[in-house]
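Please take these sequences and the hints and turn them into a complete structure.
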Amino acid sequence: MSETATPAPNGSVTPAVEGWFTTGDEPALIGTKCQSCGTISFPREATFCKNPSCFSEEFDDVELSRRGTVWSYTDAQYQPPPPYIPRSDPYEPFALAAVELPEGIVILGQVADGFGVDDLKVGNTVELVVEPLYTDETGVRTTWRWKPVAAADQESQS
8 MSETATPAPN GSVTPAVEGW FTTGDEPALI GTKCQSCGTI SFPREATFCK
58 NPSCFSEEFD DVELSRRGTV WSYTDAQYQP PPPYIPRSDP YEPFALAAVE
108 LPEGIVILGQ VADGFGVDDL KVGNTVELVV EPLYTDETGV RTTWRWKPVA
158 AADQESQS
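In short: position in the sequence shown from 1, add 7, done, that's my numbering.
Note that these hints are calculated values from the structure, not bench results. It should be emphasised that the depicted structure is a prediction, and the values quoted were computed from it without experimental measurement. Don't take each hint at face value.
What follows is a list of derived Cβ distance ranges for each label pair [to be verified]:
1) D125 x D68: 34 to 40 Å
2) T29 x Y91: 33 to 39 Å
3) E25 x S63: 21 to 27 Å
4) Y91 x S63: 31 to 37 Å
5) K57 x S19: 32 to 38 Å
6) Y98 x E33: 29 to 35 Å
Calculated cross-link-like contacts (lysine to any residue; reagent style SDA-like; alpha-carbon spacing at most 25 Å) [to be verified]:
7) K57 x P93
8) K57 x R74
9) K128 x F101
10) K57 x F101
11) K128 x R148
12) K57 x I37
13) K40 x S19
14) K128 x R74
15) K128 x L103
16) K57 x E107
17) K40 x E64
Virtual Cβ for every residue (Gly too), placed ideally from N, Cα, C.
The structure is reproduced here in structure tokens:
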């Protein structure tokens, strides 16, 4: 978890949405894989396969790849409607990235703190991190975000 996730007075640090991602040194999104056709879904699926040719209702939980490729990106100049909880007053825009994972799925998410659209480029590698989303009287709520991988790291993987 990011060093900025200082526990609230009661010491609670928990995911804003339970079951969507793991925490720790190498966090991962949790998706499902259809037992019949192998289609990957995120968030987890419990009712029916997203593949229109498959009618399966059986899935296995899978940890998705931590790294992916920027497929598209934008910034959120307008505050999202409730239940979104703004992190600042006044509202500060943040970047969003659609990231294609090796599993072939594209996942939209916020970009890590300290990074914006100027730090993103289609085709660049990003990595999943867990950071604070907001703090309230019950503690710190965390979420997953996409963090651009350092240029030197990208070059060593080429």
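Which of the numbered hints are not met once you compare them with the structure shown? Going through the list in order, the structure violates hints 2, 7, 10, 11, 13 and respects the others.
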